[in-house]
Amino acid sequence: MPMGKPSDLIQGTLDLLILKTISLEPRHGWGIAQRIQQVSGDVLQVQQGSLYPALHRLEQHAWIKCDWRETDNNRRAKFYSLTAAGRRQLDKELANWKRLSGAVGLIVEMV
Amino acid sequence: MNAMRMVDRLRLRLRSLFHHDSVERELDEEMRFHVEELARQHVERGLTADQARAEALRQFGGVAQLQEGCRDERRTRWVEDVVSDARYAARLFAKSPGFTAVALLSLALGIGANTATFTLVETVMLRELPVHEPGALVQIVGVIPGEEGSQGSFSHPNFRWLREHAAMFSHLFTWDSRKLETGEGESMEWITVDRVSEDYFAGLGVAPILGRALADERQQPAVAVLSYGWWRRRFHADSAVLGQTIRLGGLPFTIVGVTPEGFFGPVVGSSPDVFIPLASERLLNPESEVLSSRTTVWLPLMARLGPGVSMPRAAAGLQPLWAAMIQETGPLDREGPMTRWFTKLKSQVEPASTGVPLLRRQFRQPLAVLVVVVAVVLLIACVNLSNLLLARSLTRQREIALRLAVGASRGRLLRQMLTESLLLAAAGAALGLLFGLWSSRLLASLLSTSRDTISLDIGLNLTVLAYTAFVTLLTTLLFGLAPALRALRASVHPLLKEGTLQVIGRRISSRALLVTQVALSLLLVAGATLFLRTFHSLLSVDLGFDADRVLIASVEPGRIGLKDEAASQFYRDLQDRLQVLPGAESVSFSSMTPIQNCCWWETMIVEGHTRPPGDKQDVFLNSVAPGFFRTMGTRLLRGRDFDADDAFNSRPVAIVNESFVRKFFPKSEALGRIISLPPSYELGAMEIVGIVEDARYIDLRGPTRLAAYFPLAQSRERPSSVEVLVRTPGPPLALASAVREQVHSFHPAMPVKFRSLAQEVDGVLTYERLLALLTAFFGGVALTLAAIGLYGILSYAVTRRTAEIGVRVALGASRASVLWLVMRQSLMLVIVGLAIGCTAALYLTRLVKPLLFGVKPVDPLTFAIAAGVLGTVALLASWLPARRAAAVDPVRALRYE
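One line per chain: the protein sequences are R and D, in this order.
When you line the first sequence up against our numbering, it's residues 1 to 111, in that order.
When you line the second sequence up against our numbering, it's residues 1001 to 1897, in that order.
Among the hints, erroneous ones may be present.
Label-pair restraints from in silico Cβ distances [what the hints assert, rightly or not]:
#1 R:38 to D:1406: 34 to 40 Å
#2 R:38 to D:1046: 17 to 23 Å
#3 D:1414 to R:99: 54 to 60 Å
Far from chain R by the CB rule (all over 10 Å, computed), these chain D residues [as the list claims (entries may be wrong)]:
#4 1027
#5 1051
#6 1080
#7 1160
#8 1211
#9 1219
#10 1601
#11 1626
#12 1635
#13 1776
#14 1864
If you only want the chain R side, here are some residues facing chain D, beta carbon under 8 Å, derived [unchecked claim]:
#15 26
#16 28
#17 29
#18 30
#19 52
#20 53
#21 56
#22 60
#23 62
#24 75
Hint data in this document are derived by calculation from the structure and do not stem from the laboratory.
Note that CB positions come from ideal geometry on N, CA and C, so glycine has one too.
With the hints as extra help, turn the sequences into a complete structure.
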C-alpha cells in the first residue's frame, strides 16, 4: 500500500542515518529528524511518513530498542537506542555506504 | 542470526499481536509528541499557539496513513488482518442469521456427506491392513483367460501342495471363517471363529500382546488365540486367561494368546472373536473329509513375498508350479466337469496390502454411486451458496465502493471476502465433520446383513481430516470466488453518486447458477426415483414362498456325533414334538433355505431327453422333509407332497418346479417321469410325484431356476446340519426359546441358532435399501436447496423491483399480471434447468443400469416424476415472492426510493 510521500533519501540510506544518529546517545523520533536535518545543514529532511515506519522496521529487526524517558523539558517521549545487533548492522551499513559512495565518486570523477 | 535476537523478535511480534492496544497507544503518543514539538518550534518562530498547532498538523500530514505505514512494518500485519477480517465477517453473518443458518446447514450436509463417504472408501478400499509390512502381502487367485471374475477359493490339498513348493513366498497361509457356539443352553453364544493355517500369524507378522500366536498346531489342535475385543468383552481383559479352557463347538480349547487391538485378520469388514488351528476340523467334525477332499474349494490363498522377490517375479515363478499343483492335487475324476474347469484356471498374483476384497466386490458399485451423489450434493450446495452470496454482494456494493474510494486495494478486499467465505466454509466443515463421523458410523452399521456382520474401524484419522480440509478449501473457492470477483468489478463513481442501491450489470451469472442448480437437482431426484423404484420392484417380486412369520433354526446333530439312523430318529422326534408346540402352525426340515443359505446344483439326467451340447441344464436342488412346501407357503400345483412313506429304503421320488417342467416336458405329462442325479449320489432313478410353483432360490433378480426337491429321508449322504422351519402366526423369533428348549430336551449340547426367513430375504436387499434410502435423502436435500435458492433469488429480485412494480400497479397492472411477471422469470429458468438436467440424466443413468431392477435406466415415468416433483417445489418457492410482489402497495413502493 503506497503511503506518504516518496522519501527524499536514497533508498536504504534512511536506516543508516537513523542508526548513526542514535549511535552516540538515545534519541526520540522528533530528535532524530531534527538531528539529521541539523547535521546535514538542512540538506536532508526526513519526512514523518518515512521516519516512523522506518523506526518500526528497525525495531522489528531488533536493531534498535526503545524506552520511555523524560525529555529536557519534562515531557515523556519514546527514546530509541542501538542494540548490540544494531551496532553490528551499523558497521555493516557504514562499510556498504563507503563502498557505494566511493564507487559513485570514481564514476563521477572519471566522466 | 543469534538466538537472543530471535527471542527479541519473537517477543516483539507477540507483543504487537497480543498487546495490540498498548502498541497502538504508544504509537499515538509518539505521534502526538512529534506534533507538539513541531508546534513548539513554530511558537518559537513567533506563531500563536493555535496557528502553530494547525501548521504542525498540516506539516505532519495524515496521521492515519502514517500509522498504517507503521503497522505495515510490523511483521504480524497479515495475522491482524485475518483476525480483523474474520471478526468483521462474523459480525456480518450474525446480522443475517437466516442466510447464515442456510449456508452452514447446506455446507455441513455437503461436506459431511463427502467426509462420511470418503471415510467409508478409505476404510474399505484404501487403508492398509494393520499388520507388519502389508505391502509384501499378495493373494493368489485363479482366472480363466478371457472370462470375467476370478476364483479365490481352493481345496486343502491345493493349499498344502502349494505351501510345500512355492519358494518365492516366505509364508503361504489360509483361513476359514465360521460361526461356532460357545457355552450351553440359554447362555449359548455364537461367535466368529477363524480357523487358520500354521503360517497365518507369522505371515501377517502379528505378534500377540499376551501369550503366543498359533504356529504349527497339527499335533495338538485344541488351542485358541482370542481377539483383543472378545478378550475384553468376555474376560474383562484379564491376563490370567492364558491356560484357561473355552468350549467351542462343544469341545474344550486351551487359550494360549491374545491378538493386539485392531487386528481383524486379512478380511476387511470381518471381526473374528477367536482364532483356532485349521487342523481342529479333525476334532470338530471327525466325519468330515473336507481336509482331504480334492473337490471342496473353500480356502483363500494368501502369501507374503520372500525377501527381494517382486510381485511380477513371484507371478512368473508361480505359473509352472500351478499346472503341477492341478496335476497333483486336482480332482481325481479326470473326466469330470470340475477337472475340465480346473485345468482352465491360470494363476494370478494380486496385491493384498489393503486386505482381501470380500466386502469390496459387493460394495464397489453402490459406493461409486454414493461418491457421485455426495459430490453432486456438495456442488449443489456450492452453487446455491454462490448464488446467495452473489445477491448479498450486490447489496454490499456501496460498502465496497466506499472502501475502494478511501484507498483499500482490490487485492485486500478480495482477501477479505475470501476470508468471509473461508470462515463460512470452515464453520460448515466443523459441523460437517461431526455429521460425517456420525453418519459414516451409521452407514457402516447399515452395511451389515442378518448373516454377515460388517464391522469396520471407522474413526477420525489424518487422511480423513486432510480430505475434509481439501474439500473445504475447494468449496470455498467454488462458492466464494465468483461473487467476490464480481463485487470487486464494480466501479467506484456511479455507486457513490447514487443515493440508493443500484445493481450493476445484468445478472446472467446468477441465472446460470440457478439453471445449474435445477439441472443438478434433477439428476439427484431422478437417480433417487430410479433406486426407489428398483427397491420397490424387488420388494414386490413374487418369491414363490411366504417369507413372513417363518422361524429357521439350524441344528447340527453331526457336531455332537449324531449320525445316520440316530440323526434321522432325532429329526422325526423333533418334528413330532414341534408339531404340537403352541404357536407352531406347521413344521418341516430342509438341507437348505432359499436366498442366503444355498446352493446346491447338479446337471440332471432326464429320461427321454437328450441334452443338447453346450446346454448346462443346471438344476438347483434341495432335500426337504414332508410339509416343507406347506411351511414355506409354496403352492403344490399337481401331484403330491412327500410323506412318511418316502423312507430311506422306499422308491426314490422327486418334486420339480414349473420351470423344470417347461424345460424338459413342454408338451408331455411330467408326473411319473424318471430323472436321476449323477452316479456319485448313489440315489438311483427318481420318479416325479409332484409339481410346485417356481420359487426364488438364490436371489431376487435373476431368472427363475430349474429346481428339484428330494426327500431328506432318502438322502444317502446325511447332512451334518439341517434347517428346521416353523411357521407361526406371531413374530417368528418369539418362538426361538421354546424351540431351543425342545431341541435341548433331546440333546443339551446340540448347537442351534435362529433367524427368520424374512431376515434372510431382507438381507439380500441391504445394498438396494441403502441406495434407495441415501439417494432419496440426498434428493430431498437437493430439492430443499433448490427451493431455498429460487426463493432467495426471486425474493431479492422482487425487493429490487419494488419501485418498478409499484409503477406498474399504479399504471393499472392487475395483480395477476404482476404475479405472472415474477413467476415467468423463474419458470423459464426452471424449464431450462429441467431440460438440461433430463439430457444429462439420459446419459448418466445408463451407468447405474447393473444396479437397477424392474425399471429401465431411461424410464419416461421416472423422468416425469422427477421433473414433476422438482417443478412443483420450484413453483412453490417462486410463488411466495411473486405473491409478495403482487401485494405491493404502489404508494409505499414509490416512496421507497
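These are the hints, each one checked on the structure:
1. R:38 to D:1406: 34 to 40 Å: Because 37 Å falls inside the window, the suggested range holds.
2. R:38 to D:1046: 17 to 23 Å: Cβ of residue 38 of chain R to Cβ of residue 1046 of chain D: about 20 Å, so the range 17 to 23 Å holds.
3. D:1414 to R:99: 54 to 60 Å: For residue 99 of chain R against residue 1414 of chain D, whose Cβ atoms are near 43 Å apart, the range 54 to 60 Å is violated.
4. 1027: Given a closest Cβ separation of 8 Å, the condition is violated.
5. 1051: 20 Å, holds
6. 1080: 14 Å, holds
7. 1160: The claim stands: residue 1160 of chain D keeps its Cβ more than 10 Å from every Cβ of chain R (closest is about 76 Å).
8. 1211: Holds: least Cβ distance 62 Å, greater than 10 Å.
9. 1219: 77 Å, holds
10. 1601: Since the minimum Cβ distance to chain R is about 81 Å, residue 1601 of chain D lies beyond 10 Å and the statement holds.
11. 1626: At roughly 95 Å from the nearest Cβ of chain R, residue 1626 of chain D sits farther out than 10 Å, so the non-interface label holds.
12. 1635: Check passes; 88 Å lies beyond 10 Å.
13. 1776: 54 Å, holds
14. 1864: About 59 Å separates residue 1864 of chain D from the closest Cβ of chain R, which puts it past 10 Å; holds.
15. 26: 14 Å, violated
16. 28: 7 Å, holds
17. 29: 6 Å, holds
18. 30: 4 Å, holds
19. 52: 5 Å, holds
20. 53: 4 Å, holds
21. 56: 4 Å, holds
22. 60: Because about 6 Å separates residue 60 of chain R from the closest Cβ in chain D, which is inside the 8 Å limit, the hint holds.
23. 62: With Cβ-Cβ at 4 Å, under 8 Å, it holds.
24. 75: 7 Å, holds
Violated hints for the displayed structure, listed by number in ascending order: 3, 4, 15.
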